[in-house]
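**Student:** Work from the hints to combine the two standalone chains into their complex.
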Amino acid sequence: MAAQIAAVTIFLVMFLLIIMEKFERHIITLGCAALTLILVFGVCMHSTSAVTETLNLAGIFTKNFWIVSGEASESTGGINWATIIFVAGMMIMVEGMAAAGFFRWLCMSIAKAVKYQVIPIFITFMIMSAVLAMFIDSITVILFLAAVTLELSQLLEFDPVPMVLAEIFCANLGGSATMCGDPPNIIVGTSLQLTFADFITNTGVLAGISLILVVIYYYFCFRKELSATGQHTTVKEYPDPKSAIKDKKSFVVSTVIFLAAVVLLVTHAQTGLTVATIGLGIAVVTLLTSKNKMDVIKGVDYKTLLFFIGLFVVVGGLEQTHILELIAGVIEKISGGNLYIMVAIIIWISAIASAFVDNIPFAATMVPVIQSLAALNGIDISTLAWGLSMGTDIGGSATPIGASANVVGMSVVAKEGHIIGWGRYCKSAVPATIIVMVVATVGIWLRYC
Amino acid sequence: MGEKKQLIISLGREYGSGGHVIAEALAKRFEIPFYDYHLIGEIAAGKKVDVKTLERFDELPKIPFFSRTVNGFSNSPQENLANMQFDYLRKKAASGESFVIVGRCSEDILKEYEGLISIFVLGDMEEKIKRIMDREDVDRLKAEESIAYHDRKRKTYHNHFCRGKWGDSRNYDLSINSSKLGIDKTIDMLEDYIRRRMEE
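Sequence order for the protein chains is A and B.
Each residue of the first sequence is one higher than the last, beginning at 1 in the UniProt record's numbering.
Each residue of the second sequence is one higher than the last, beginning at 1 in the UniProt record's numbering.
You may find that some hints are simply not true.
To be verified - To be clear about the criterion: a stretch of chain A counts as covered by chain B if any three or more of its residues have a C-beta under 8 angstroms from a C-beta of chain B, and this derived list gives those stretches: (1) 10–21; (2) 406–414; (3) 418–428.
Said to hold, decoys possible - Calculated pairs, SDA-like style, for lysine to any residue (alpha carbon to alpha carbon, straight line, at most 25 angstroms): (4) 153(B) <-> 423(A); (5) 48(B) <-> 423(A); (6) 415(A) <-> 60(B); (7) 47(B) <-> 151(A); (8) 47(B) <-> 159(A); (9) 415(A) <-> 95(B); (10) 48(B) <-> 154(A); (11) 415(A) <-> 92(B); (12) 47(B) <-> 237(A); (13) 303(A) <-> 71(B); (14) 52(B) <-> 150(A); (15) 47(B) <-> 423(A); (16) 427(A) <-> 60(B); (17) 22(A) <-> 69(B); (18) 91(B) <-> 416(A); (19) 22(A) <-> 57(B); (20) 92(B) <-> 416(A); (21) 52(B) <-> 423(A); (22) 153(B) <-> 20(A); (23) 48(B) <-> 20(A); (24) 48(B) <-> 143(A); (25) 303(A) <-> 69(B); (26) 22(A) <-> 70(B); (27) 48(B) <-> 303(A); (28) 427(A) <-> 61(B); (29) 47(B) <-> 244(A); (30) 48(B) <-> 225(A); (31) 48(B) <-> 119(A); (32) 165(B) <-> 21(A); (33) 153(B) <-> 421(A).
If you are wondering where the hints come from, they were derived from the structure by calculation, not from laboratory data.
Computed from a prediction, not measured in an experiment: that's the story for all the values here.
Each residue gets a CB set at the ideal place from its N, CA and C atoms; glycine is no exception.
Isolated chain B, as found in the complex (with noise of 0.2 angstroms):
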């Protein structure tokens, strides 16, 4: 029996676009692990240091006039949160396993492995905002709000560490609109792609 390929899964997304769900039911499908800010959690049992000082760093970009750099070593807590991430991000590809990933620049810093897949998950403002208000049981104008901070945070923090601008859909293998066929039917549709993939 030959040796199981690897698969990682990079997938993107923007806020109340239900990337998360579908990441998530994209592991399940797979029957591989599922990375996203539980990755926190894992870094810092690893090193034995407690996962609150870490938390309210992650995916966020560094502060300028509040950060320095000298010789390569940085004082952000953000980059160096960023940067540990990606370091564990990267042992676990070279290591052989798969997994699936949201966000952290992913589809970026893991793009040299053959059994990569990135995606980009979209949607329309009309169906994310519903998605927001139910989530979060909050009025249209907070859900909008939340939509507009978080993608903005999103993207500071990826075109910060990454080439590759956020959402440009030139950066990823596949680009997908999840308020066209459901989040559900998404679902479907990105397993197909990803079996299709592995197939080759």
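So here's chain A without its partners, still in its complex pose (with noise of 0.2 angstroms):
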């Protein structure tokens, strides 16, 4: 009971000092986390068991950890390394490629290719947030095409809020679509031992139909604001898509790490390589390719790796004192075994919570609840993890604070003095939520209940 108290302490201590903001979020979670190590398991189990458990250091070594060789066992909690090593290879990857000049060369090349007329820069533009979001993170990709918008939209003479609104929402659709496209998802993956094939044949569908819904909301949305600018400028010098290009040899290599990257994902269950594996594999070609190496380590985002690692303990004190287990109970409790209802709690809870709270710790407490659930009623796990995913990642669209995205594209809009309150951006990111969570409930009813 001790512990079990002293576990919840700790977590919701954790998540309102996350909120707060007074200290770095990786500096709360590991302080969090020595706190469970040292009272949780310490003070009140005595059980050095729990942390070896929950440090889960062993599991690297194992051969399953980097190949995975016949059926594929689900991970036993704890520090989930296998999505460390994934996030910290892509965040690698990401660096080299930015350094490169690929991210605006690919931008300009698409404005270009719609001749710069702001409606189809509009469409491309969401349709390329989601597709890259599908396999970058989607900070990323909001960084990149929210400085391309603002900067087409000074040349064109039109307004960059509504365009970067509609990216900022169809970067998180996207990162919903792939095992590897948004943080909950590798939790999400790596915990119940899902593929990349796994998500982009669920979530993925789902991910696609509510993109074309999205597309269409988005245009009747903004058109006329969109409509009403741009239409008198005169003819000016447009950028080369080129001269995004810092170096040829560097970009043509990160394209090639890149693609490479997305063969490797998408074929992952049949290679047997593991997220761990080609996370590792891509950090190491980018480095021995990249010019600037340093710059490439020191680009790399340490505090989220940190940050991962002490959420995973403490969500790891949850699990090892069953408190995620009686948090299943209630949720059966209250469904009565009714899997319609199961899936509906467990997709709209997640979207609410998400909306307001940090997606990342909600998924990483939120997956060994859906195990207890899956394994109490006899349920396929996978029906409940595509629920999982889908809520955290698009829950988190509603409110500018819901995702990492949101505040990153506000903020570079921000910059430029195109300031978005919470009435502008909920406005129109609400209704497209929720098309979203009506699809994805509808669609998980129909397809596996």
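**Tutor:** Quick look at the structure:
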């Protein structure tokens, strides 16, 4: 009992401190992780096995961590090192791509292909945002897309805010389509041994249908604002996409590495390579082929990696003290064992929670909950996993603070004087979120229930 | 003829202390530009955006629970506007321009500049109430409420963005109570102080 109280208290304090932003979030999770190890596992439980299971270091030295052979088993909880290594690898790859000018070149090439017309740019940028976010973290996607959108808005004299708002939403939506698109999906996928193909054929289909509806929705939402501007601009000198390429050789190499990463991720169920192996591989290749290795390494957001590590330990505290099983029991009681209600609860609670709190801790906490729910009711775990992924990935789109891409996008445009308040953001994002949540709920009901 | 020395007068003030009038008068006496809330207008014009969308977030602290920071990026309109103003002031200062700036954490964000003279103007409560009653044509109670509201707002804004505390005399070169000498004599005294500082 004392261990449960301590674990829950540490978890709630961690959440509160993350929201208050008095300290950097990696400091908070690492501090709370230390408290979990000392107070919960040490003082209350006197359990060294809880410590070793949560730190989960032994798993890294097993063959299955790097190459899956035979039947895959679900992970044992604790620190999800596969997620950490994969995220670190992707960060290094993206740093290399950004340094070579890949993203700016891509944006400018698309703008040129649609002859610098505002509405076609609006539609293609939404689709590009979703497609890029399937493989690259949404923060990077929005960072570059919003910067280019701002540049084009000055050139073509249109308000960049509607376009950036739509891009942010589509980046979050694209992230939900794949295992590597959004951190909650990486956590869900690696914890439950799901593959890239599993995601693309399940959440990917839901995201694809949603993207069509969302593009139509945003078109009708913003067409007047975007059509009213940029009509009377005189012909100006448009930037040459090639000017974005800082170094031709690095550009080619980084593009090849990116394509190789995509192929490896798509085929990882066939090759047996785990996401940890792919992450490590692309990191090593990127570093070996980079001219400025130190700059690439310095660009890695190590604070996010530390944040993940601390977070997994704190959630491990809840797992070891069986708190998450209690939560699963409550959901089971409310739903009465009815799968329709259970799926709806998972999707909508995840969405509402993710709209206000960081979806990464939420997803990490909910994975053991859906594992318990599936075991208690004899349900296919993947059905609940798709609900959790869609809920956490898309729910964050509803508010300015729900997802990292929202914060970054709003901040980039704000630096140029386009300040977006909660009202303006939510006016377009909340209905779009509801559209996708309805698609996800109905889609999962029809296909799996 | 030698290059003219840069002079940046940063003036923090209590609501109703007459700090704004004093800052404006000093700008006239030293023949240098005066920046207050109109700074937003300049920023908006420079960035070709509607000033009205910016004004409502001026000199306000960010709202906890409605704001989030990711890798140094913030969604808070208040924080983004504040940073925009700080950057604007830093650019002006870096260009060598002399000016008077009211509030906006200027005594903190521009403290690296040799030409900075930071002043905080306070006042006796009775004098401040009288000034607000005259200026805003309100009764005593409303004036008291207005003073408390604006000072609380300024304090929260300042203390959120700066290391030092708002109104703490250790953060300013000079703190002065404008009620003791009156507005005109306070201006004279401050002019004299600034000229002496410039001679050094």
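**Student:** If a hint holds in the structure, say so; if it doesn't, say that too.
**Tutor:** Comparing the hints with the structure gives:
Requiring three or more residues with a Cβ within less than 8 angstroms of a Cβ of chain B, the coverage given for the region 10–21 of chain A holds, as 3 such residues are present. With a threshold of 8 angstroms between beta carbons, the proposed coverage of the region 406–414 of chain A by chain B holds, since 7 of its residues qualify and at least three are required. A count of 5 residues in the region 418–428 of chain A with a Cβ less than 8 angstroms from any Cβ of chain B is obtained; the coverage claim is therefore met, three being the minimum. At most 25 angstroms may separate the alpha-carbon atoms for a hinted pair to count; residue 153(B) and residue 423(A) meet this at roughly 22 angstroms.
Our distance criterion of 25 angstroms between C-alpha atoms is met by residue 48(B) and residue 423(A), whose separation comes to about 22 angstroms. As the CA atoms of residue 415(A) and residue 60(B) are separated by approximately 17 angstroms, the hinted pair is consistent with the 25 angstroms bound. A hinted pair counts as satisfied when its Cα atoms are at most 25 angstroms apart, and residue 47(B) with residue 151(A) qualifies at roughly 12 angstroms. With a CA separation close to 12 angstroms, the supplied pair residue 47(B) and residue 159(A) stays within the 25 angstroms bound.
Using a Cα cut-off of 25 angstroms, the hinted pair residue 415(A) and residue 95(B) holds, with the two alpha carbons roughly 20 angstroms apart. Proposed proximity of residue 48(B) and residue 154(A) is supported: the alpha carbons are some 9 angstroms apart, at most 25 angstroms. Among the hinted pairs, residue 415(A) with residue 92(B) is consistent with the structure: their alpha-carbon atoms are about 17 angstroms apart, no more than 25 angstroms. Restraint check for residue 47(B) and residue 237(A): satisfied, since their Cα atoms lie roughly 20 angstroms apart, inside the 25 angstroms limit.
Note on residue 303(A) and residue 71(B): the hinted pairing holds, with a Cα-Cα distance of about 9 angstroms set against a maximum of 25 angstroms. A threshold of 25 angstroms between alpha carbons decides the hint, and for residue 52(B) with residue 150(A) the separation of about 20 angstroms falls inside it, so the pair holds. Of the pairs offered as hints, the one joining residue 47(B) and residue 423(A) holds, with about 22 angstroms between alpha carbons and a cut-off of 25 angstroms not exceeded. As the CA atoms of residue 427(A) and residue 60(B) are separated by approximately 23 angstroms, the hinted pair is consistent with the 25 angstroms bound.
With a C-alpha separation of about 11 angstroms, the suggested pairing of residue 22(A) with residue 69(B) holds against the 25 angstroms cut-off. With a C-alpha separation of about 15 angstroms, the suggested pair residue 91(B) and residue 416(A) falls inside the 25 angstroms cut-off, and the hint holds. For the given pair, residue 22(A) sits about 22 angstroms from residue 57(B) by alpha-carbon distance, which is consistent with the 25 angstroms threshold. In summary, the hint linking residue 92(B) to residue 416(A) is supported, as the alpha carbons are separated by about 17 angstroms, within the 25 angstroms threshold.
Simply put, residue 52(B) and residue 423(A) have alpha-carbon atoms about 15 angstroms apart, close enough for the 25 angstroms limit, and the pair holds. With a C-alpha separation of about 19 angstroms, the suggested pairing of residue 153(B) with residue 20(A) holds against the 25 angstroms cut-off. Using a Cα cut-off of 25 angstroms, the hinted pair residue 48(B) and residue 20(A) is violated, with the two alpha carbons roughly 34 angstroms apart. Distance hint between residue 48(B) and residue 143(A) is fulfilled; the C-alpha atoms sit about 22 angstroms from each other, no more than 25 angstroms.
Straight-line distance between C-alpha atoms of residue 303(A) and residue 69(B) comes to about 13 angstroms, which keeps the hinted pair within the 25 angstroms bound. Using a Cα cut-off of 25 angstroms, the hinted pair residue 22(A) and residue 70(B) holds, with the two alpha carbons roughly 13 angstroms apart. Among the hinted pairs, residue 48(B) with residue 303(A) is inconsistent with the structure: their alpha-carbon atoms are about 36 angstroms apart, more than 25 angstroms. Simply put, residue 427(A) and residue 61(B) have alpha-carbon atoms about 24 angstroms apart, close enough for the 25 angstroms limit, and the pair holds.
For the hint linking residue 47(B) to residue 244(A), the alpha-carbon distance of about 24 angstroms falls within 25 angstroms, and the restraint holds. About 16 angstroms separates the Cα atoms of residue 48(B) and residue 225(A), which keeps this hinted pair within 25 angstroms; it holds. Restraint check for residue 48(B) and residue 119(A): satisfied, since their Cα atoms lie roughly 21 angstroms apart, inside the 25 angstroms limit. A distance of roughly 20 angstroms separates the Cα atoms of residue 165(B) and residue 21(A); the hinted pair therefore holds under the 25 angstroms criterion.
Restraint check: the Cα-Cα separation between residue 153(B) and residue 421(A) comes to about 19 angstroms, which is no more than 25 angstroms; the hinted pair holds.
Checked against the numbered hints above, the structure violates hints 23, 27; every other hint is satisfied.
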